[in-house]
Every structure is written in structure tokens, then in C-alpha cells.
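Novice: For reference, the chains in residue letters:
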Amino acid sequence: MMSSQFLRNIVKYRALFLMLLLPLSVLIFNNYIPMFGVIVAFKNYNFADGILGSPWQGLENFKYLFQTEDAWIATRNTVLYNLLFIVMTTVVAIFLAIALNELRSTKLSRMFQSVLLFPYFLSFVVVSYLAYAFLGGNGYINKAILEPMGLSSISWYTEAKDWIFILPLVNIWKNVGYGMVVYLAGIVGIDHEYYEAAVIDGATKWQQIRRITLPLMLPVIIVMVILQVGRIFNADFGLFFQVPLNTGALYPTTNVIDTFVYRSLLISGNVGMSAAAGFYQAVIGLVLVLATNLIVRRVSRENALF
Amino acid sequence: MNPNIDSQITSGGTGDSASAVNQISRLTNALLVVLFILLSIACLFPLLLVISVSFTNEHAIVLHGYNIIPKQFSDYAYRYLFKDPGEIIRGYGISILVTVVGTIGSLLLTALYAFPISRKDMPYRNALAFIVFFTMLFSGGLVPWYLAYSVAGLKDTLWALIIPNLVVPFNVLIMRTFFSNTIPGSLIEAAKIDGSGEVRIFAQIILPLSTPVMATIGLFQTLTYWNDWFTSSVFISNNHLVSLQYLMYKVINNIQYLNSGRVDASVAGKVAATIPTETVRMAMAIVGIGPIILVYPFLQKYFVKGLTVGSVKG
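Residue numbers (this note's numbering), protein chains in the order written: chain Y, 1 to 306; chain E, 1 to 314.
It is worth saying that the hints were derived from the structure and are not from the lab.
Keep in mind that this is a model prediction, so the values were computed, not measured.
Even glycine gets a Cβ: it sits at the ideal position worked out from N, Cα and C.
Be aware that a few hints might be false.
Claimed, not checked - Derived PhoX-like pairs (lysine-lysine); straight-line CA-CA distance at most 20 angstroms:
no., chain 1, residue 1, chain 2, residue 2
1, Y, K143, E, K71
2, E, K192, E, K120
3, Y, K12, E, K120
4, Y, K12, E, K192
5, Y, K107, E, K305
6, Y, K107, E, K301
What the hints assert, rightly or not - Quick look at which bits of chain E chain Y covers, simulated, 3 or more residues with Cβ under 8 angstroms:
no., segment
7, 58-70
8, 130-144
9, 158-166
10, 215-229
One chain only, chain Y, in its complex shape (with noise of 0.2 angstroms):
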């Protein structure tokens, strides 16, 4: 019998069980009921009837949704940005890796890589600090470079077209270090017999990089983009939300969908419309990820996530 072989395994195993019960409830509070809770999306929900009370409406948040304009900016925005940020932090996150390996002093490839990092430990908070400090009234952009050459100063913070280019230089100012040290592991862990071949056989520096090191960190290279791609319909919200300063001038440019849900939930209150959000930034992203895997899948089974 199936069910008292389940009782047999859970008194068997009735520690590990127990051990599983604490975690997994917080995951179950955490991840799960939220996931039923997205029925949300599909009712006129009001706070005094709650989730299970509220009356069912079928697909009218999603009309009105996408009837918006926000919503198809915010989709734009979000897809827009990830691609860039996964091909320029990858790309120039492998050239630094590759570079601080070969450096002929390991005391400055150790500094280099320490000083490299600092940024990926700062939070957004503070980053929009750093970055009202180039970007205000008075700061540094405006008073010390351009007035200096007799230029106008320029109103950042009004000036939306401007942050095509300012969010793409933070972020990868803030995120290149982490992916520079995750591939300088996968480069240091390569079999230092190869390149002692190469050099036998008058291979040179650059050959050594495009037919070993290259190839050799491939599957590290699929992961990180795999895990971001499946993510590519999830901004990085404190990116879009703090640098800007949440600024309302800003949103042609800076509003993505995770901003959208915030400020549709937080601050607009329309609960219904930010659920229908929600739920299609989730839908879209697993058939993304599952997708991407697929992809992989076909091309070199053993560098699939699953």
C-alpha cells in the first residue's frame, strides 16, 4: 500500500522530517501561498472582503492593464535594459577576468580584484547617494566639469533620455566586480597542464585564451547568462526605483515593470491592476527560464540548469 509505505518512510525518517518542518514552513509562507494568492489578479479585490471574499471579475485587470501605456513601457524598459546589462556585464566581466589573470604582479591583480568588488557590496540606498553627488544641482558633474568648460549645467534629475545611458553605467559600475570575480574562479580552476601544452606546442597568449581558457569556462559563462536571461522580466529594483530618486519626470525611461507593480500597489493603491502585473511578469518569466533551459538543453545537455 502506497499510503502506509509514506507512513513507514515519515516515522522512519521522523527526525529528518522534523528537521524540514521550520524551513519549509517559512517556505510555504513565503513563496506558496503567495503563488495561490495571485487569484488576486483575476478579482475585484477591497480589503474588507479580502482575497477569498472579493468577487471574481475574469480578465478585466488585465484589460485594463494593458490598456495602459505604463504597462507596455515598463515591458519595453525591463526587457531593453536586461539584454544590455547581460551582454555588456558578461562581455566586459570576462575580458577583466581574463586580464587580472594575466597580470604579471599577483599583489596588484589582488588589490585590482579587491577594489573591483567594493561596489557589489554597497546597497542601492547608498548608491544613490553616489550617484546624486555626479547628478545634482550642485554636484560634481555640473560644477566641476562642465561649468569649468563654460558649458550649461544639465537637470539630471528632469532629463529622462539621459538615463539610457546613466542606468546601464551604474549598474555595470555596481555588478561587473562580482561577475569578474565568479569567472576569475572559473579561470584559476582550469588544469594548468593545458596551457603547459599550448606553450610546448608555440601557442600564443591570445591562441591559449580562444582555444583553452575561453572554451574551459563555457559552462560558467552558460549558467550566469541562463540565470539571467530567466530573469530578464525582472528588474533590479533598486536600480530603477532609488538611483532615480523615484523621480516622476524620469519613468519614460527608468519605469519597468517591478517599479509599475511597486508604485501601482504602494502608492496609486490599485491593488487589482498590480496583482495582474505581477502575475504577468511571473507567467512570462518561468516560460522564459524553461525556454532558455530547453535552449541549452539542445545545444549541451550537460550545461542545462535541469
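Once you have looked at the hints, place chain E on chain Y.
Specialist: Only chain E this time, still in chain Y's reference frame:
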């Protein structure tokens, strides 16, 4: 796991005799060093700028703007901030409390989940691992999450700051991999034959052997909790439960916040004119970054090692 990886990473991976002949040319090396020096400046310059602005006289800021060398030195911004340091100290207190409780709690809970699913003999281990993994693929989104915490009465409690990061799926999987790769099954078998229960095996064999992965995840979690402002911004409206990051968030968005408890509305307008807004903002940033800079060298070293533990695929 290759025991040399750690030392190779921290030393940048070069230096053994074979690679000595296989070095890049002096010119390339010099160019790369210059490049890295420029990048290092780019990483540190913003911080230096903020420090120097925080020590500048507000009047000089209005006249000359932000500069890397203060035109007129002043520690007024700090004296202003610490004139009535109640909020800042409370913010520190909340942040430290949440970070300590959160980190210890999440280490324990992560291990409690990872240990059973790392055991080859554990029934349903794949299903249990999938339950964790699936949360990385799909989530209900912000609204249902917010409603769940609200309905449970966790708004405006410290639990709302601690629980969301207690069980991070990725950490569970890293720890599971570590347990199953580095702790031999025969060790557990032997302990069982000697009459140890599972709890005893967990506490006296597994945990002591797991310091590398514990240190790694402990650091990840310390950083997560210390830098977290998002859960505060979603769940906290009580002024007594404002963490340091959230206090900083409020200050940069609204300088008046610092005075909200001190000045009543009728004089607030007059005071606002004399508040050194720019320098106080930057001083607040330094007060907030402070602890990270102090522990950074320590953090950085173990963080890099930790990434290697994490990159071991299971």
C-alpha cells in the same frame, strides 16, 4: 574540490614555475595595469567625493558645487546629524538586530533544509528539493506576497524584515551540494552504527565540518540583511522600526525627515532655510556606509572564497 583553488584565487592564479615563461609582454602588462588603475579610480572616486562633500562648508557648496577637495572644511554636517542622534542610533540598532537574528536564523534554517535533502537515503528527497527549486522559477509577485504578510499581521513588525530572506532557495541548493560532496556517507553510517540520532549527527558532525559553506552563506546573508531597504519600504510605517538603509532612503528623498521628530510645523519652514541640506545628505551617506568600509577587507576575502564554494556544481 581542489584545495588549491582558494589560494589560487586570492593570488590571482599566476606564479607557478610553468606559467613564469608564459607571461604576457611587459608592454601589455603595463597597459593592463593602467587600465585597472583607471577602473579602480572609477570605483573609489564617488565615495571620496561624498566624503569630501560631507566635510565641506554648505556655503562653499552653494558657491562652487561638489568638489573632490573641500574648498572650505567644516564638520558642521556631522555635528548637525549627531545633535540629536536618536533616530540614527535607533536605525543602527534595528539594522544590527535584524542582520544578526536574520543571518543566524537563515543559516540554521538553510542547513535544516539542506541536510535532509542531501541524504541519499532520505525518501522524497527529489520532491523536497524541487519544492525549493521551483520558488526560483515562479513567484506570486509583489501583491499576493504583500497581502499574505498583511493578513498574517506582520506589517510593522521586525518579523516582516527577517522572514522574507530566511530561506533563500539558491543558498539551500549550495549547501545541499556542499553536504553531499564533502561529507562522506560512510561517516554518517558509522555515526548511526555508534548509536547517534539524526539531530546529534547534524549538530556534532555536519555543522562542524561545514564551516566553509556556513561562512559563505553567512556573509551573503549578512550583506542581504544589512543592505535591505525594500522590505522596510513595503512593510514599515512605524517610525520606531526604521532600519538604517531605510532611514537613508528617507533622507535622500526628503531632507525634512531628519527634523520631523524635532521641529514642529510652525517653525519647520524657517528651519528648512538654514539646514545644510547637501552636506547633511552626504554625511548621512557616510554614516550609513561606514560599517561596510570597516569590515570590507574581511568580507571581501571570504566572499571571494565563498564564490568558489558556490561555483562547485553538484
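Novice: Please write out, lowest number first, the hints stated earlier that are contradicted by the structure.
Specialist: Every hint satisfied by this model.
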